[in-house]
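Residue numbering for the sequence shown is 1 to 670, as defined by UniProt numbering.
A portion of the hints provided could be inaccurate.
Unchecked claim - With a straight-line cut-off of 20 Å between C-alpha atoms, the simulated EDC-like cross-links for lysine to aspartate or glutamate are:
no.	residue 1	residue 2
1	581	568
2	539	204
3	44	29
4	461	445
5	226	240
6	596	569
7	438	204
8	307	556
9	193	656
10	438	616
11	141	656
12	31	113
13	114	78
14	81	41
15	615	656
16	401	187
17	167	556
18	83	138
19	246	385
20	410	385
21	518	187
22	630	557
23	647	604
24	306	127
25	598	569
26	444	240
27	546	59
28	518	543
29	68	41
30	630	656
31	233	204
Said to hold, decoys possible - Across the chosen pairs, the derived CB separations fall in these ranges:
no.	residue 1	residue 2	range
32	12	135	22 to 32 Å
33	442	323	18 to 28 Å
34	3	107	39 to 49 Å
35	516	252	54 to 64 Å
36	252	664	54 to 64 Å
37	47	581	44 to 54 Å
38	3	104	15 to 25 Å
39	656	204	38 to 48 Å
40	252	29	55 to 65 Å
By construction, these hints were calculated from the structure, which means they are not laboratory data.
For glycine and all other residues, C-beta sits at the position ideal for the given N, C-alpha and C.
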Amino acid sequence: MTKKLIIVESPNKINKIQAYLNDYYGRNEFKVIASIGHVRDLRKYGTKMGLGIDLDLMEPMYENITAKKEVISNIISEVEKAKVIYLATDPDREGEAIAWHITQILPQELLKDKKFYRINFNEITKDAILNSLKNRGELNKNLINSQEARRMLDRIIGFRLSYITNKKLKASSAGRVKSSVLKLIIDRENEIKSFKKDYWWTIEALFNKNKILINSTNDFKEINYKSEKDAKKIHDDLTEKFVFIKNQKKETKIIAPQPLEMSSYLMAAYNMYGLTNRQATAASQILYEKGLITYPRTDSQRISSKKFIKDAKDFLIETYGERYYSGLREFKKVKKITSQDAHEALRPTDLRVRSHVLNLREHTLIEKKAYDVIWKITAKAFLKDGINLIVKNLYDNNNHKFVTKETLFKFLGYRIIDKEVFEKETILPATKEILVKKRNIEIKEHNTQPPARYNQSSIIKKMKEEGIGRPSTYSTTTSGLLRYGYIERQKGTLIPTDIGDETNRLLLSNFSELVNEKYTAKMETNLDEIAEGKIEKEKFLSDFWKEFEPQVQFVDETIQVKLPEYLDEKCPLDGGQLIYKRSRYGKFIGCENYPKCKYIRKIENKDKFEAITLKENCPKCKTGNQIIRKSKFGNYFISCTNFPKCKFIMDKKEAELIIKKNLSNLKEKK
C-alpha cells in the first residue's frame, strides 16, 4: 500500500519528482500521478442556455469530463491505496481549482481516514519539492472562487455574445478578453487610416562612406525646415568645405533589463527570435516541467531564492569578471500584488546551464530559443548598466553649422552577455576639415509616420498596460482571434479582417462597455479581489448578469440579421441565387441553398471592384490623376495613380461626395 500520494497536473513532471522523492525518502514512501489538467468542467447540455450555471443561485453545475474517465478512475484507485494525499497542481488559480476538483470527484466514503494537503513549488528541483512537503497547507478557497468566477463569467459572455454574433453576422464566437483586444487592434487600424502626415526637410552632407553632416544650430541641435524652399536657400549658399569648430561629449546610461514575468517573456521571445505567443508559452511550460525554469505564469519580477542569487553571483563573476557584476537592483513594483505576483520571476533554475548545452534530442529548437531568452535576460539583470559615450562634432560651412554624431560603447555592462559589441574607451580626434562634393550635399524630405500596427509583442505590451488579461490568457487571446479569422498576420503585424471589423462594429454599437478595455481591466481587478477575499463571487456574477442579459435579449429582438449580398448570377449546379459568403479565410462566392448545394468559387477579378480613374490631377505630385480605390475592408477612398511614389490621400469628408457621385454613375451604366 502506498503511504503517500502526490497528484500533479502534467505527466511530464512525474519521473523527475518521483526520482527526487525516491532518492530522499526511499522507493516505497511516495507515488506520483497526474490529473492531466482539469477533471471536471461546466455542463453544456440540460442547463438553461447551455451555460452550466444555476442562474438563480449563481452556482456552477459541474460534470466529469468524459475524455478523462480513465484518468479519474486511476486517481480514485490510487487515493484508495494512500493514507496521505498531496495536491501538487500548478501554483496558480487554475491549479488551485484543479486540486479542489480532484477532491470533488472522490467518493465520500473514500475521504474517511485520509489526509489531504496542498503543496506548491515554483520550480521542479529537489530542494523545492522537499521544501513544499515541509510547508504543506490547505486549499485556498478564495483562489478557487476567483477561478470559478472567471470560468463562469467567460462561459456567460462567450456563449451569449457568440449567440448574437453568429445569429446576426454568421461570425465565430466572441469572448470577454478577445473582444477587447480585437477592439484595440481595430482602433489602431483606424488611427493609421486617419493619420495625416507632417512634412519637414533637412540638409545632409554624406562623407566617408556612411557618415553624415546634418545642418544644425550652434548648440548641436538639428534644424528642421518647414518647406523645401526654405532649405534650398541655405543649400544654395553652401560650399564644399566644412571646418571643425568644437565638440560635445556626453555619457548616457543604458539600463539593464529587469527579471522576466510572463508578459515581458512573451515580448522578448518574439523580439529576439520571432517566436509566436503560442510557441513561447508552450515552450516555457515544457521547460518548467523538465525542471529547467521556474513556473512561467507569473506577474512577478522578484527573485527571492537565496541559493539561486548566490550561485548566480559566483557564476557571473567567474565568467565575466567582478567589474561587470552588480547584483539584483530594486526594480519598480507592480501596481498591485495579485496571486500571480506571489511567485518568483520567470528564471532558470540554474544559471550554469546554458542553452547550447541543451540536447536537441530532448529539446526542440523552439525550446532552446525560449530557454536562451530566459537565461540571457536573467543573467543581464544581475550585471551593471551599460555606458555609451555620445560625441558630437560641430563644423562651419559659410556661417552655417553642421553636426556629426558618433556613439561609442564606453562600458558594456550587461551587454557583455551578447558579445556583439566592443568597448572603446578612446575616440579618434575630429577631422579639422572635411571636403564634400556639392552633389553629396542633399535636401532630404522627412515625414511623420502613423503608429505601427500591433505585432505579437506590442499587443501583449498594450494588454499589460491596459490591465487586460493575466499570464494564463496572454497567449490564448491573440491565437484565438487568429483561429476565428477576426485578425490575420501580415508581414509580422496583426490586422483585422472584414468579419473582425463587422463583429467589432456590432459589439461596439450594442455592448460598448463590455468591449471597452477599461471595463475589461476592471473585471480583472474584481477577479483579483475575489482571490483576496474582498468581494463575493456570487454577488459579482449576479450583478453582472442582471445588466448583461437584458441587453443581449434587446439586441436579439431589435437588431436585424444581416441580409446576404446577392450577385446577379445563378448557381450552375442547382439554379439557386449566388451570394457572397465569408469564412475565416475571407470572402468567397457560394450558393444560397447551402448546405444542400455545396457550390463555391473564389472571388475573381470580374467580381471585384475596379478602380475609377478621375480626370482631376493629383494636387500633391501634379503628374498623376486622382483615383477611387476600395480598401480590403470595403472602404472607398481617393488617392493618386502614382502610388506608391505619391502618397496623396484625399480627406474623407471631401472625398465622400465625389465617390458617391461616381459610384452612382457606374451603377446607371451597368
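List of violated hint numbers, smallest to largest: 2, 3, 4, 5, 8, 10, 11, 14, 16, 19, 22, 23, 33, 34, 35 and 37
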